[in-house]
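Residue numbers -18 to 255, in our numbering, belong to the letters of the sequence shown in order.
Quick caveat, the hints were computed from the structure, so don't treat them as lab data. Small disclaimer: the values here were computed from a predicted structure and weren't measured. Do not take every clue at face value.
Derived DEER-like restraints, expressed as beta-carbon distance ranges [to be verified]:
(1) S117 - A249: 44 to 54 Å
(2) S217 - G26: 33 to 43 Å
(3) R19 - R46: 39 to 49 Å
(4) N147 - W108: 33 to 43 Å
Ideal Cβ positions, reconstructed from N, Cα and C, are used throughout, including at glycine.
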Amino acid sequence: MSDAGRGPNHEVTRDGGHAAKDVDFSTVGDAQANPDVRGLFVPRGLVVLTALWIFTAWVSLFGFRPPVQAQSASYGPSIELLFATIGVGIGIGWPMLRLSGRASKTPLAQSLFDAIAMVVLMQVVLWPLRLVTAWSLERTIALVLAASLSTVAIGALLSLGSGSRNERTRTITMVFLVGLAVGPAIFRGLVGLAGMLAGAFGTEPLVELGTPPALTAASAPALLAHLARPLPLATSAEDTVILRHAMVGCAVALALAVVAALQRRSAATQPSNT
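Whole structure, please, built from the sequences with the hints as guidance.
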């Protein structure tokens, strides 16, 4: 057979013969059609970055030397800040990493894969903290549930933008997720500003506003920091209400992500059927 009759998957050997190249046909079609789209992959880099994030926060808050009086009360404020920092990583750092990279071919599956890896890694940090705190088992399980619900909900919302190559869609998704993360802080700031203005004009605030449970449940930093407080040691009625809001929010986020995934699949298969 002449060289012209041989396909592009053949190469000439040193002795003048021909041999077939090893080609991964499972990715050729996707690479040619969508070179900027990435398939499902194991999030090794995310696991390393998550571990570094937690380790850096731990060292920054606790240091390498134990406190003079090693009591549970000594670790309380630092543990609360630690989980707030972990919440910032879940609510802002993780979406920023994924939305700044290539679009995902399977955004929902990839986000859930990422979420599972992060939740498993957090267990290594969370459960040993019972040795330095006075948390009850119920309170620890509530914190584990909150971390899991928050991570899955953020992953579901993240999949709405990580599968798109449109920069505007990805930017809007990132702005929305940042708004969820800092929502309770903005609310408390506005309430404090209103109180200062009321005091400046010599009037009393009409009501004392607390952060709504739904707003706390939607924010990963606020939710984890709230449940990682030094007191109370057991789960309170307020914690139960916030966890219920977190469950509802997670279910809504997953429903939206599933509907978006089905619509994306339908749109992808429609041209081939015509």
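Hints, verified against the model:
1. Checking the proposed 44 to 54 Å range against S117 and A249 shows it holds: the Cβ atoms sit about 49 Å from each other.
2. With their beta carbons about 38 Å apart, S217 and G26 fall inside the hinted range of 33 to 43 Å.
3. For R19 and R46, the hinted distance range of 39 to 49 Å is satisfied, since their beta carbons lie about 44 Å from each other.
4. The beta-carbon spacing between N147 and W108, approximately 41 Å, falls within the hinted interval of 33 to 43 Å.
Consistency with the previously given hints is maintained throughout, with no hint failing.
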